[in-house]
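Enquirer: Now for the letters of each chain:
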Amino acid sequence: MSNEHEKIQAELDKYNASVEKATAKFPLRDNVPEKGLYTPLDVKDLDYAEDLSFPGVFPFTRGVQPTMYRGRFWTMRMYAGFSTAEESNNRYRQLIAGGATGLSCAFDLPTQIGYDSDDPISEGEVGKVGVAIDSLADMEKLFEGIDLGKVSTSMTINAPASVLLCMYIAVAEKQGVPQDKLRGTIQNDILKEYAARGTYIFPPRPSMRLITNIFEYCSKNVPLWNTISISGYHIREAGSTAAQEIAFTIADGIAYVEAAIKAGMDVDKFAGRLSFFWNAHNNVLEEVAKFRASRRIWARIMRDRFHAKNEKSMKLRFHTQTAGSMLTAQQPDNNIVRVALQTAAAVMGGTQSLHTNSRDEALALPSESSVRIALKTQQIVANESGLADVIDPLAGSYYVEAMTNRIEKEALEYIQKIDDMGGAVVAIEKGYIQKEIQDSAYKWQMDVESGRRVIVGVNKYQIEEEPPKGLLKIDASVGEKQVKKLHEMKAKRDNDAVKAALADLKKAAEDENENLVPHILAAVKTYATLGEICNTLRDVFGEYEAHVSL
Amino acid sequence: MDKIKVLVAKPGLDGHDRGAKVVARALRDAGFEVVYTGLRQTPEQIAEAAVQEDVDVVAMSILSGAHPHLFPAVVNLVREKGLKDALIIGGGVIPESDIPALKEAGIAEVFTPGTPTGKVVDFIKAHVKK
Chain A
23 MSNEHEKIQA ELDKYNASVE KATAKFPLRD NVPEKGLYTP LDVKDLDYAE DLSFPGVFPF
83 TRGVQPTMYR GRFWTMRMYA GFSTAEESNN RYRQLIAGGA TGLSCAFDLP TQIGYDSDDP
143 ISEGEVGKVG VAIDSLADME KLFEGIDLGK VSTSMTINAP ASVLLCMYIA VAEKQGVPQD
203 KLRGTIQNDI LKEYAARGTY IFPPRPSMRL ITNIFEYCSK NVPLWNTISI SGYHIREAGS
263 TAAQEIAFTI ADGIAYVEAA IKAGMDVDKF AGRLSFFWNA HNNVLEEVAK FRASRRIWAR
323 IMRDRFHAKN EKSMKLRFHT QTAGSMLTAQ QPDNNIVRVA LQTAAAVMGG TQSLHTNSRD
383 EALALPSESS VRIALKTQQI VANESGLADV IDPLAGSYYV EAMTNRIEKE ALEYIQKIDD
443 MGGAVVAIEK GYIQKEIQDS AYKWQMDVES GRRVIVGVNK YQIEEEPPKG LLKIDASVGE
503 KQVKKLHEMK AKRDNDAVKA ALADLKKAAE DENENLVPHI LAAVKTYATL GEICNTLRDV
563 FGEYEAHVSL
Chain B
283 MDKIKVLVAK PGLDGHDRGA KVVARALRDA GFEVVYTGLR QTPEQIAEAA VQEDVDVVAM
343 SILSGAHPHL FPAVVNLVRE KGLKDALIIG GGVIPESDIP ALKEAGIAEV FTPGTPTGKV
403 VDFIKAHVKK
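Quick mapping for you: the protein sequence lines, in order, are chains A and B.
Basically our numbering = 1-based index in the first sequence + 22.
Basically our numbering = 1-based index in the second sequence + 282.
Because the hints were derived from the structure by calculation, they are not lab data.
Do not take every clue at face value.
[Unchecked claim] Here's a subset of chain A near chain B, in silico, CB distances under 7 Å, partners left out: (1) I135; (2) E147; (3) A260; (4) A281; (5) A345; (6) M348; (7) A351; (8) Q353; (9) K457; (10) Q460; (11) A568.
[What the hints assert, rightly or not] Computed beta-carbon distance windows for the label pairs: (12) A:D497 <-> B:E378: 16 to 26 Å; (13) A:G473 <-> B:E378: 19 to 29 Å; (14) A:Q484 <-> B:D311: 18 to 28 Å; (15) B:E378 <-> A:D35: 49 to 59 Å; (16) A:I402 <-> B:E386: 40 to 50 Å; (17) A:Q484 <-> B:A383: 23 to 33 Å; (18) B:E386 <-> A:V476: 48 to 58 Å; (19) B:D311 <-> A:P200: 54 to 64 Å; (20) A:D461 <-> B:A408: 24 to 34 Å; (21) B:A408 <-> A:D35: 54 to 64 Å; (22) B:E386 <-> A:G408: 51 to 61 Å.
These figures come from a predicted structure and were not determined experimentally.
Heads up, the beta-carbon is just placed ideally off N, CA and C, and yes, glycines get one too.
Isolated chain B (complex conformation) (with noise of 0.2 Å):
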């Protein structure tokens, strides 16, 4: 089997970037394929990435209560340009109660502070479609 590519992501203006970068470096020691954007990436760029690159996940992280309205665009560009079965999560400063709608909006699931890092690997070995 190939390696589970994802593409690792911070939408939005958030520069908090530590737990980005740390599940990135862990996934990637787990054995994945790991791609990161960088900051400040608009849901547009996102999209574009995961196709180019055509990954299985995209993993997104943002700290700035801006999850509402990011997240599902990221979602609908990702399948809208084609990547149907791309597994999408994301995880960050998310309150509890924001969390059934944005798996409603295609967000496979929600990882918020103090997830341990194994448990995000596990979730992608489960459900990625490959």
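Same shape as in the complex, but just chain A (with noise of 0.2 Å):
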């Protein structure tokens, strides 16, 4: 130890000594952490140059760009979606015209599950979460008078994402603006759907097939697209931890990583584009460490056992949204405040686009007013607040480093213990990381009800309330308007095309060598519906079936 730090150390005993005095008379809160000071001896073997390094140098702890928001905002790309595609296509364009910089398109259920509109199962989800897209006429109306060109757009879209991309191609092609130009996202991570987010369709086998064939198809014609978004988000919301959130997350990543290389990609040639998916929960400073310590893992990750040359397959670019699960019912509008809180989060943690969610969505799908308050808060936050000013301004608290460390480290342990049970897929197989999560979420309800938690509103500091008004409802007659368009468009286009085009895509699933990217697109394009060509592929390669315990 140091001369300066057996000084430190001095002060702090006589410090925690008179903590203990003052503890005997005023117990502490009994849900505050163990430790509630940290000091230069939290951090004494942080190396800078190793650790922490510079704004878009290795390992990128301070961030992925060397100027982050002094030289642009992140993106603030709100998620929207709902009803029919003419409905969501007015919503974009308001959000574009109010200053969104980025779309985001949520698909309803049927759509992320591969069914078409008039499947018997589809029957009262039909434009409920997201909108319904059946076939290429459906995105063709969905960006109608948006230029692709121009804006980028993130599809939360996974077991059938290779569908919904080559839809977005056609339409691209339509519009006269090639595939090479388009810039988006497709979300495209299978494995978080098994642990914690439910729509899936194939295996995991299949599933991973795809993936790779995406990465494939794209590292070579869709250059500026982001294959997969790698999300910790509903592993968050599923109740998981910010350690286990990250560990979790970067578990699959690797798993994907692996497969695209025994697949015979060259990691440089895909990990570029890899993004991840981040959720911004309540705990500001425990977040902002999360974010930093998620990069450092990952870069190391890439480097070390990828052994990637270039660095941009280190860089972990990330999107955020605020935890949808820390809205209350209750005093909904205190909802604005915690998602500023969590704001400042993915905005001091150096996040690259972000979703802001909207004050009454524990209650239903968000209003228009709702969704505008929650864009503005993200302006707000930019514009006015000043924790966009300067890079990773946390960094150096004895505090938030420590913290960080101490993430990295948890994760890390989940990361080699899910290395050992053979990978995240082997992990999701065994129910291991489903369990994990559970656990995390039952101890975090329990918490709340015993009082240990306080949530405003739910647990302490009630009121009366009125029933809240202006709520969005999503009109009944969705689901029949939208079978309706898809039987006239099925009597309008050639069925014979249809037909040929999944008999291809049939005998090109059953190659396991073949990519089936160009198959689809082909189908996509002759009008097959995205129900037509997943049963297509649901019949070479089956359903998942679920792991259940409790």
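Please assemble the complex out of the two chains, which come individually in their own frames, going by the hints.
Expert: Structure below.
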């Protein structure tokens, strides 16, 4: 221990004694962390060059770009989509007019699980949590009047990601925009669907094939596209801790990289297009530490484990969404404050893009006025708070650096455990990851119910409230309308061409060495429906059956 | 008295099962026998499981907005298949304004976000016919 550290230690001992005396009289609150004060002693092993370095420099702890928001702000990307393609198209145009700089499409559940709107299982779900897309015809409507050469579009689509991407490419082609100019993201992260989100279709093996097919196709044809958004968001929403969120997600990322390398791809050919998706939860400083730790972990894994040479392959770029599960149905206006704090965390953590949730989302899908406040929240943080003026402003904070180290360590232990099991796919098949998440979720709930964890308006500071007004209601006839449109489209298209394209796709699916993307693109262009394409693949691949344990 | 038996079910395509699983575990910890269906169950499958397991309670969770269609569908099928007395309850992201219609359709109670699990336990104990 250096002289300096010894001096601090001596002073700290005195301080701790005074704390002990004080707490004898005034006991601490019962949900505060064990340690209440951090000093240089907590970060004495931190090596600036090795562990932090500079923004845009390995291991990117301080950010992936040299200028961060001093150049331009993060992309303010509001997740939206509901009802029909026409309605969603309207909302997109309003968002663009209001200053949104990227689009983010929400699809309804039948679309996310590869069913057409007229499938019996879709009844009651069409157009509910997002827009219904049955075929290229709907996609054309969805982006009507929006120049796909100019906008960047994120699509929350996983199991059928290849189909929706092909539809997007086909719409762009009709607009005269070539594939290599398209910018955007498909979520395309199937592993977290098995573990936390639930919109899977096929078993893991063929799902991983589809994903590597997309990596390969895009590296050659759609080079600016983010081919996957490896998502911790939903893992956190399902109840995980901050460290579990990044650990399980990075373990998924490792599985994707391994699958692509196994399929014969060079790591530097695809890894630069991998992106991540994090949650911005309530504990502001813990979240900042989490974002920083995630960048450092990924950079080292890509360099040391996968021997990436290109720095782009080592940069963990991420989208963030504020935590939907932390919104309360009680006193919903309070959610505006929660979202503002979560936004601050995402910004101080160096996010590349951000969706802010609306105050009414614990009650219904967000209304237009609530969405506006959510977007304005980002604009206020960007322009008025000063948080975006300096890069990685919390670096050097004893607490934040110590917590960055702590989260990194915890996450690495989980990743090691998952490696020992045989990787993320095996860990999910065994139900290990699901169980860990469930345990954390249950603990959270019990802490809320015992009052150890205070949620304002829910278990403390309640007030009598009027029922909220102005909630968004989806017209119940959306399903009927969408089914009618689908049937009209089917009557007009060249059904022989559809049949031939689906037969070709089936043959391709049966040959493991064939890249399926060109075949799906050809099928999409004949106006084969999403359901028809996914059912063709279901015939060959089968369906995933979930592992359920309580 | 026999243990109260509860079927926790996720009707429809919604994959959000944090709430369903937390409630299932809390009910189990409260001494009930709990069966969880897993995701993506049709009303037919849920009713079938309720009959097979001969449950006292069917507890459903939906966060996708499909509750106006799916909750009543389950009630009708469960009754049709002969479980006349089973208590049927629901929860999830459900606007206040939808609740009267759901109750009319036979959902005994609707639990919205922020409900302590203890409230669900107490409701079941008070209302199950055993």
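Enquirer: Determine for every hint whether it applies to the structure shown.
Expert: Hints and how they fare:
1. I135: holds (6 Å)
2. E147: holds (5 Å)
3. A260: At 5 Å from the nearest chain B Cβ, A:A260 passes the 7 Å test, so the hint holds.
4. A281: violated (23 Å)
5. A345: violated (12 Å)
6. M348: violated (11 Å)
7. A351: With a minimum Cβ separation of about 4 Å from chain B (threshold 7 Å), the hint on A:A351 holds.
8. Q353: violated (10 Å)
9. K457: Violated, about 10 Å.
10. Q460: holds (5 Å)
11. A568: holds (5 Å)
12. A:D497 <-> B:E378: 16 to 26 Å: Taking Cβ atoms as reference, A:D497 and B:E378 lie about 19 Å apart, which means the hint holds.
13. A:G473 <-> B:E378: 19 to 29 Å: holds (25 Å)
14. A:Q484 <-> B:D311: 18 to 28 Å: holds (25 Å)
15. B:E378 <-> A:D35: 49 to 59 Å: For A:D35 against B:E378, whose Cβ atoms are near 56 Å apart, the range 49 to 59 Å holds.
16. A:I402 <-> B:E386: 40 to 50 Å: 44 Å Cβ-Cβ, so the 40 to 50 Å window holds.
17. A:Q484 <-> B:A383: 23 to 33 Å: holds (27 Å)
18. B:E386 <-> A:V476: 48 to 58 Å: violated (36 Å)
19. B:D311 <-> A:P200: 54 to 64 Å: Hint holds: Cβ distance 58 Å, inside 54 to 64 Å.
20. A:D461 <-> B:A408: 24 to 34 Å: holds (30 Å)
21. B:A408 <-> A:D35: 54 to 64 Å: Cβ of B:A408 to Cβ of A:D35: about 57 Å, so the range 54 to 64 Å holds.
22. B:E386 <-> A:G408: 51 to 61 Å: holds (54 Å)
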